[in-house]
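Participant: Throw the hints in and build the complete structure from the sequences for me.
The first sequence begins at 1 in the UniProt record's numbering and counts up by one.
Please keep in mind that the hints were generated in silico from the structure rather than gathered at the bench.
Take these hints with a grain of salt, some might be off.
[Claimed, not checked] Lysine-lysine pairs mimicking BS3-like chemistry, simulated, CA-CA at most 25 Å apart:
#1 K191 x K212
#2 K264 x K39
#3 K178 x K197
#4 K291 x K264
#5 K265 x K291
#6 K109 x K212
#7 K109 x K367
#8 K264 x K289
#9 K383 x K368
#10 K265 x K252
#11 K368 x K384
#12 K198 x K178
#13 K252 x K384
#14 K198 x K252
#15 K191 x K383
#16 K356 x K368
#17 K212 x K144
#18 K359 x K384
#19 K117 x K144
#20 K367 x K384
#21 K252 x K264
#22 K368 x K212
#23 K383 x K356
#24 K252 x K109
#25 K117 x K39
#26 K383 x K367
#27 K178 x K212
#28 K23 x K212
#29 K39 x K198
#30 K252 x K39
#31 K356 x K212
#32 K144 x K109
#33 K117 x K212
#34 K191 x K359
#35 K39 x K191
[To be verified] Cβ pair distances, simulated, as ranges:
#36 E241 x E215: 17 to 25 Å
#37 R321 x L365: 14 to 22 Å
#38 L365 x S309: 19 to 27 Å
These figures come from a predicted structure and were not determined experimentally.
Glycine included, every Cβ here is placed at the ideal spot set by N, Cα and C.
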Amino acid sequence: MTFDEFQLHPDVFDGVQGMGYTKPSPIQEQAIPAALAGKDLIACAQTGTGKTAAYLLPVLDFIAYERPEHTTALILCPTRELAKQIDEQVEGFGYHVGASSIAIYGGGKSDIWEQQKRALTQGADIIIATPGRLIAHMQLGYVKLDQIDFLILDEADKMMDMGFAEDIIQIVNQLPTKRQTLLFSATMPNKIREFSKKILHEPEEIRLAVSKPAENINQQLYMVYDTNKLALLEHLIGQLEVQSMILFTSRKMNVGPIERALRKKGLAVRGITSDRTQEEREQVLREFKNKQFQILVATDVMSRGIDVSDLSHVVNFDLPRDAEDYVHRIGRTARAGTSGMAITFVSDHDQDAVVKIEKLIERELEKKPTPEEIGPSPEFDPKKYRGRGAAHGAKPGGRGSKPGVRNARPERAAAPVAASPAPAALGTDGAAAVAETEEQKRRKKRRRKPRPEGAAEGAVATGETVTASAETAGESATGEAAKRRRKRGGRNRRGPKPEGAPQSVAAPAASE
DNA sequence: AAAAAAT
Numbered sequence: 001m002t003f004d005e006f007q008l009h010p011d012v013f014d015g016v017q018g019m020g021y022t023k024p025s026p027i028q029e030q031a032i033p034a035a036l037a038g039k040d041l042i043a044c045a046q047t048g049t050g051k052t053a054a055y056l057l058p059v060l061d062f063i064a065y066e067r068p069e070h071t072t073a074l075i076l077c078p079t080r081e082l083a084k085q086i087d088e089q090v091e092g093f094g095y096h097v098g099a100s101s102i103a104i105y106g107g108g109k110s111d112i113w114e115q116q117k118r119a120l121t122q123g124a125d126i127i128i129a130t131p132g133r134l135i136a137h138m139q140l141g142y143v144k145l146d147q148i149d150f151l152i153l154d155e156a157d158k159m160m161d162m163g164f165a166e167d168i169i170q171i172v173n174q175l176p177t178k179r180q181t182l183l184f185s186a187t188m189p190n191k192i193r194e195f196s197k198k199i200l201h202e203p204e205e206i207r208l209a210v211s212k213p214a215e216n217i218n219q220q221l222y223m224v225y226d227t228n229k230l231a232l233l234e235h236l237i238g239q240l241e242v243q244s245m246i247l248f249t250s251r252k253m254n255v256g257p258i259e260r261a262l263r264k265k266g267l268a269v270r271g272i273t274s275d276r277t278q279e280e281r282e283q284v285l286r287e288f289k290n291k292q293f294q295i296l297v298a299t300d301v302m303s304r305g306i307d308v309s310d311l312s313h314v315v316n317f318d319l320p321r322d323a324e325d326y327v328h329r330i331g332r333t334a335r336a337g338t339s340g341m342a343i344t345f346v347s348d349h350d351q352d353a354v355v356k357i358e359k360l361i362e363r364e365l366e367k368k369p370t371p372e373e374i375g376p377s378p379e380f381d382p383k384k385y386r387g388r389g390a391a392h393g394a395k396p397g398g399r400g401s402k403p404g405v406r407n408a409r410p411e412r413a414a415a416p417v418a419a420s421p422a423p424a425a426l427g428t429d430g431a432a433a434v435a436e437t438e439e440q441k442r443r444k445k446r447r448r449k450p451r452p453e454g455a456a457e458g459a460v461a462t463g464e465t466v467t468a469s470a471e472t473a474g475e476s477a478t479g480e481a482a483k484r485r486r487k488r489g490g491r492n493r494r495g496p497k498p499e500g501a502p503q504s505v506a507a508p509a510a511s512e
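Facilitator: See the structure below:
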């Protein structure tokens, strides 16, 4: 399959080509036609599957044809860096459409707030936001979302985990019920299912074989005591040809010490956690993407969605809390068909997590012992070490009930280990229901809209391929695709966008 | 048992 089979607006197609995309990914193959047909969508898809383009292209297609003067799409996502990255993707794919976008997220200085306020007041075709900051702006009254055509929830499960359900409902209640909603989630637990019933209308469900990391990731597990992790890490870095590495740790407090220890060894390393200033976060990520340093030490703030090209290695300094996050973390490498290596440290106390991961990815992973020159190795024996990872919360023998383990720990340079108290996340339920049957009526009402002149001209460039492929697919140029378009035909059209339409206002491009 | 997200 090729992109021209979607019969996207020529300006959108140009954007696809400009971004170097040639072949639609599985999620794109399924989601794009459904979204173009005006359907709500609930899609199971991880990052790294081309998910962003899967929802951006239909939105851009809509903008290219309809040229609405109001904001067309609201995209909600869990982390600030992801919002920024999606905004950059809009710039790329939407370049020829001239679509404007704003990224709205917290953490910046007060001038950022003012900048966001100005941009929101002026309006943009697409708003990409983390929920908290958007609500803060919405409460001040200048955010105009009452006419949006698309609501997109990216990483919906992650947002639920982060307690955003109430925030999202609060936002959704300000949106028109006449809209198309696309929900993307890496997992589909009941929580998401229930939630989706509230905000989606007769969604088409798209399921891909998720939870399986790419085959071209070389996954390695090392059995290692906490106290030996740093030594093993340095040993491995010495052996491997590390071009670019992300090292994940589950605790913010580990980041600094690991960073310093590696720097002491002469490595080019920087750290990132939510505790750092937003300026620093963005600078670090930009420099890492630009290969200005070799190793990024990060918490799970980096585990989802962040796209770094040519990342050769991912190290899990400790196991993530949720098995899903393992897949997300290692999915940072081997992107876009390249290969990569994922090394995971397994200590004596977190072996249950390995079992969960293996169940999830339906594959057993080889466990390598700590090399002798580093120190003694824990054995892999999850029955023996069944520990606090156990789901039921009850610790069978109470604390310190792991015979032999503590004493078996060698005394080596201490690896950074720390615990910090965490506030409990808010439970969320009982939120207002939203859309209903009007949605259906509206879709039938939508009329077909003739192509704007610019589109016809633009079509010249790609016309041949479009027609050719349509024929191959056994449909004429006015066939299926046109029917789809008729269904989602135009409303609220007010002629072409003025020349000075705002171009991505708030976010300076990361890769210049 | 953590992290993230509005201030």
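Participant: Against this structure, judge whether each hint is valid.
Facilitator: Quick rundown of the hints versus the structure:
A hinted pair counts as satisfied when its Cα atoms are at most 25 Å apart, and K191 with K212 qualifies at roughly 21 Å. In summary, the hint linking K264 to K39 is not supported, as the alpha carbons are separated by about 55 Å, beyond the 25 Å threshold. A C-alpha spacing of about 16 Å is found between K178 and K197, which places the hinted pair at or below 25 Å, so the restraint holds. As the CA atoms of K291 and K264 are separated by approximately 20 Å, the hinted pair is consistent with the 25 Å bound.
Among the hinted pairs, K265 with K291 is consistent with the structure: their alpha-carbon atoms are about 19 Å apart, no more than 25 Å. The straight-line distance between the Cα atoms of K109 and K212 is roughly 40 Å, outside the 25 Å bound, and the hint therefore fails. Pair hint K109 plus K367 does not hold up; C-alpha atoms about 46 Å apart against a cutoff of 25 Å. Proposed proximity of K264 and K289 is supported: the alpha carbons are some 23 Å apart, at most 25 Å.
Taking the CA atoms of K383 and K368, the gap is near 18 Å; set against the 25 Å cutoff, the hint holds. Taking the CA atoms of K265 and K252, the gap is near 21 Å; set against the 25 Å cutoff, the hint holds. Restraint check for K368 and K384: the C-alpha separation of about 18 Å stays at or below 25 Å, so the hint holds. This hinted pair checks out: K198 and K178 have alpha carbons roughly 14 Å apart, not beyond 25 Å.
Distance hint between K252 and K384 is unfulfilled; the C-alpha atoms sit about 29 Å from each other, more than 25 Å. At roughly 35 Å between alpha-carbon atoms, K198 and K252 are farther apart than 25 Å, so this suggested pair is violated. A threshold of 25 Å between alpha carbons decides the hint, and for K191 with K383 the separation of about 30 Å lies outside it, so the pair is violated. Taking the CA atoms of K356 and K368, the gap is near 18 Å; set against the 25 Å cutoff, the hint holds.
Restraint check for K212 and K144: the C-alpha separation of about 40 Å exceeds 25 Å, so the hint is violated. The straight-line distance between the Cα atoms of K359 and K384 is roughly 19 Å, inside the 25 Å bound, and the hint therefore holds. For the proposed pair K117 and K144, the alpha carbon gap of about 12 Å is at most 25 Å, so the pair holds. Between K367 and K384, the direct Cα distance comes to roughly 16 Å. Compliance with the 25 Å bound is thereby established for this hinted pair.
Simply put, K252 and K264 have alpha-carbon atoms about 20 Å apart, close enough for the 25 Å limit, and the pair holds. This hinted pair checks out: K368 and K212 have alpha carbons roughly 21 Å apart, not beyond 25 Å. The straight-line distance between the Cα atoms of K383 and K356 is roughly 13 Å, inside the 25 Å bound, and the hint therefore holds. Simply put, K252 and K109 have alpha-carbon atoms about 22 Å apart, close enough for the 25 Å limit, and the pair holds.
The hinted pair formed by K117 and K39 fails the criterion: a straight-line CA distance of about 32 Å is larger than 25 Å. Note on K383 and K367: the hinted pairing holds, with a Cα-Cα distance of about 15 Å set against a maximum of 25 Å. Restraint check for K178 and K212: the C-alpha separation of about 36 Å exceeds 25 Å, so the hint is violated. A C-alpha spacing of about 21 Å is found between K23 and K212, which places the hinted pair at or below 25 Å, so the restraint holds.
At roughly 16 Å between alpha-carbon atoms, K39 and K198 fall within 25 Å of each other, so this suggested pair holds. With a C-alpha separation of about 41 Å, the suggested pair K252 and K39 falls outside the 25 Å cut-off, and the hint is violated. For the hint linking K356 to K212, the alpha-carbon distance of about 13 Å falls within 25 Å, and the restraint holds. Proposed proximity of K144 and K109 is supported: the alpha carbons are some 23 Å apart, at most 25 Å.
Using a Cα cut-off of 25 Å, the hinted pair K117 and K212 is violated, with the two alpha carbons roughly 41 Å apart. Pair hint K191 plus K359 holds up; C-alpha atoms about 21 Å apart against a cutoff of 25 Å. Simply put, K39 and K191 have alpha-carbon atoms about 22 Å apart, close enough for the 25 Å limit, and the pair holds. The hint said 17 to 25 Å for the Cβ distance between E241 and E215, and at roughly 21 Å that hint holds.
Distance hint for R321 and L365: a CB-CB separation of about 18 Å, consistent with the stated range 14 to 22 Å. Checked against the hint of 19 to 27 Å, the pair L365 and S309 passes, with Cβ atoms roughly 26 Å apart.
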